[in-house]
Amino acid sequence: MTSGNLAFAEAMRQINPDVVAAYPITPSTEIPVRFAEYVANGEVDTEYVAVESEHSAISACVGASVSGARVMTASSANGVALMHEIFPIAAAFRAPIVFGLVNRSLGAPINIHCDHSDSMPERDSGWVQIYCEDAQEVYDSVLLATRLAEHTDVLTPVFVCQDGFITSHCYEPVEFLGDEAVQKFVGTREMHYPLLDVDNPVSYGSFVMSEYYYEIKRNQIEGMNNVPRVYDELADELATLTGRTYPKLEQYRCDDAEFVIVVMSSATGVVKDVVDDLRRRDVKAGCLRVRMFRPFPTADLCSALRGKRGVAVLDRSASIGGTAPLASEVKSALYDLDERPKIQEYIFGLGGRDFFPKDAEAVFERMQNDDYERRARFIGLLESCETTEGGK
Amino acid sequence: MSDLEAASFGKPKCWRDVPPGTIAFGATARLVETGLWRSMRPVLDTAKCVSCMRCWLQCPDASIETNGENKVSGIDLFFCKGCGICAEICPTKAISMHPESDFQKNEGAPRELGENPGSVGEFIG
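Residue numbers (our numbering), protein chains in the order written: chain A, 101 to 492; chain B, 172 to 296.
In isolation and in its complexed conformation, chain A is listed as follows:
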């Protein structure tokens, strides 16, 4: 039995990265702490850089990565926010850093529990974003992310996200590969323009005016565009070792479903249970889990939701003043369909507010009753004032 954090740290031990620079923060603390033990005990050869802030941690990671090192780190919430300035730089430098992002609400108010308000602001920073449902998936995703990030056609850093405490601290059975199998799968990093190659000198991050900034960004976008193809190849390769498959978009009893909940990360388990219950009662319910949020699997999502009667999108973060991130992507993806399903946006679970089976049941029930609102509804919110909408 192990937790999401310790599964991440175990994958790191087996991969044995060249450099880890981290500044621990709840709930991702265990990742660097456990890994520091591996370093101290001589179980890995990694250079562990103890730094004075998250900004320094990710900066050290970028420097090491463009020097040719295989680099990993982890953070959460306001630590992630402090790193924000460096994320687009890492992506533009094509620094294939693998990042354990343990989702926690962004203060204020200060809160240590899960929502996605820390990772969602980084969705436009040029990093791949993978959201895991459980600890097993976290472990497998670290192996996948290492290969994906470093692939010549991709060269893009990857966030491996898991839900704070719910996934990061709950113990569950996790199946590990042997050390040798992991080493064989991840191989060694092939670096094309290492900063420390003094015989073939290059500069990273030079000043570029309007004459080439545009072309460099377009070139970077192509790396992200190559992710789906490369990801599918690597996921197939890993599946031959583990027997576990991780599509970018997981469809659970979706094929003949009339009503579908679109959700991410750990809350998916609850929705799947409710789908099973409803199926026993002949309600054609389905669940669609978005595992890869960047790049967003638009085409897959479009074909999965084509012809559905109703869709509910559950966001674990809000875009204050706009449409919540997942709902925004789903609506945008479905625009090209001739006949679009009805969509209801929901916000849930902010600051670790529990998400219960009855909440998912209520969402399906509203779809069956053709009960939609143009505004987002809130699940599990105290609101027994004027209206009780979304509060039950």
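Check the hints yourself; a few may be wrong.
[Claimed, not checked] Calculated pairs, SDA-like style, for lysine to any residue (alpha carbon to alpha carbon, straight line, at most 20 Å): (1) B:182 <-> A:301; (2) B:182 <-> A:310; (3) B:184 <-> A:308; (4) A:317 <-> B:194; (5) B:184 <-> A:311; (6) B:184 <-> A:313; (7) B:184 <-> A:307; (8) B:182 <-> A:305; (9) B:182 <-> A:302; (10) B:182 <-> A:303; (11) B:182 <-> A:311; (12) A:317 <-> B:187; (13) B:182 <-> A:308; (14) A:317 <-> B:183; (15) B:182 <-> A:309; (16) A:348 <-> A:308; (17) A:317 <-> B:188; (18) B:182 <-> A:306; (19) B:252 <-> A:309; (20) A:317 <-> B:195; (21) B:184 <-> A:316; (22) A:317 <-> B:186; (23) A:431 <-> A:421; (24) A:317 <-> B:191; (25) B:184 <-> A:310; (26) A:431 <-> A:409; (27) B:252 <-> B:211; (28) B:182 <-> A:304; (29) B:184 <-> A:309; (30) B:252 <-> A:308; (31) B:252 <-> A:310; (32) B:182 <-> A:307; (33) B:182 <-> A:313; (34) A:317 <-> B:196.
Rather than coming from a laboratory, the hints here were simulated on the basis of the structure. None of these values were measured; they are calculated from a predicted model.
Fit chain B to the supplied structure of chain A, relying on the hints for placement.
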């Protein structure tokens, strides 16, 4: 690497050809004509100049030319961006600033002698 070799890298004509990761290879600024950015031109009056070298020290583009005796002899208009620091700090007012348009009457439109920084327009379809 010589300046000529560095210049032979040429400018990429397509976004697919830019090096990945913001990488810049070894190159030179000697062929880049920053003088094309100038809108005010410094003019040196050698009769007033006492070669105190303040302009030589302060010029951000190392555009103050000297002769073999370390005396100020002119201004390198290939690089000079026309910032006017030299004119501002000159203790004898030997350098004065004049609009480039004043010279066009006699010289015609500025002729491009080096690489024009910021110019890729010719490649854009």
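When you check the alpha-carbon spacing of residue 317 (chain A) and residue 188 (chain B), does it fall within 20 Å? holds (12 Å)
If you draw a straight line from the CA of residue 182 (chain B) to the CA of residue 302 (chain A), is it 20 Å or shorter? holds (17 Å)
Hinted pair, alpha-carbon criterion (20 Å max): residue 431 (chain A), residue 421 (chain A). Please report holds or violated. holds (17 Å)
Is the Cα-Cα distance between residue 182 (chain B) and residue 301 (chain A) 20 Å or less? With Cα atoms ~19 Å apart, residue 182 (chain B) and residue 301 (chain A) stay inside 20 Å; holds.
For the pair supplied as a hint, residue 182 (chain B) and residue 305 (chain A), confirm whether the alpha-carbon distance does not exceed 20 Å. Given pair residue 182 (chain B), residue 305 (chain A) holds - Cα atoms ~18 Å apart, limit 20 Å.
Quick one, are residue 182 (chain B) and residue 311 (chain A) close enough, alpha carbons at most 20 Å? holds (10 Å)
Mind checking the alpha carbons of residue 317 (chain A) and residue 194 (chain B) for me, to see if they're no more than 20 Å apart? holds (13 Å)
Straight-line alpha-carbon gap residue 184 (chain B) to residue 313 (chain A), limit 20 Å: holds (13 Å)
Quick one, are residue 182 (chain B) and residue 310 (chain A) close enough, alpha carbons at most 20 Å? holds (14 Å)
With the threshold set at 20 Å, check whether the alpha-carbon distance from residue 184 (chain B) to residue 309 (chain A) stays at or below it. The given pair, whose Cα atoms are some 16 Å apart, holds under the 20 Å limit.
Under the criterion that the straight-line Cα-Cα distance not exceed 20 Å, is the pair residue 317 (chain A), residue 186 (chain B) satisfied? holds (8 Å)
Quickly compare the C-alpha distance for residue 431 (chain A) and residue 409 (chain A) to 20 Å and report which way the hint goes. Roughly 15 Å separates the two Cα atoms, so the pair holds.
Comparing the model with each numbered hint stated earlier shows that hint 16 is the single one that does not hold.
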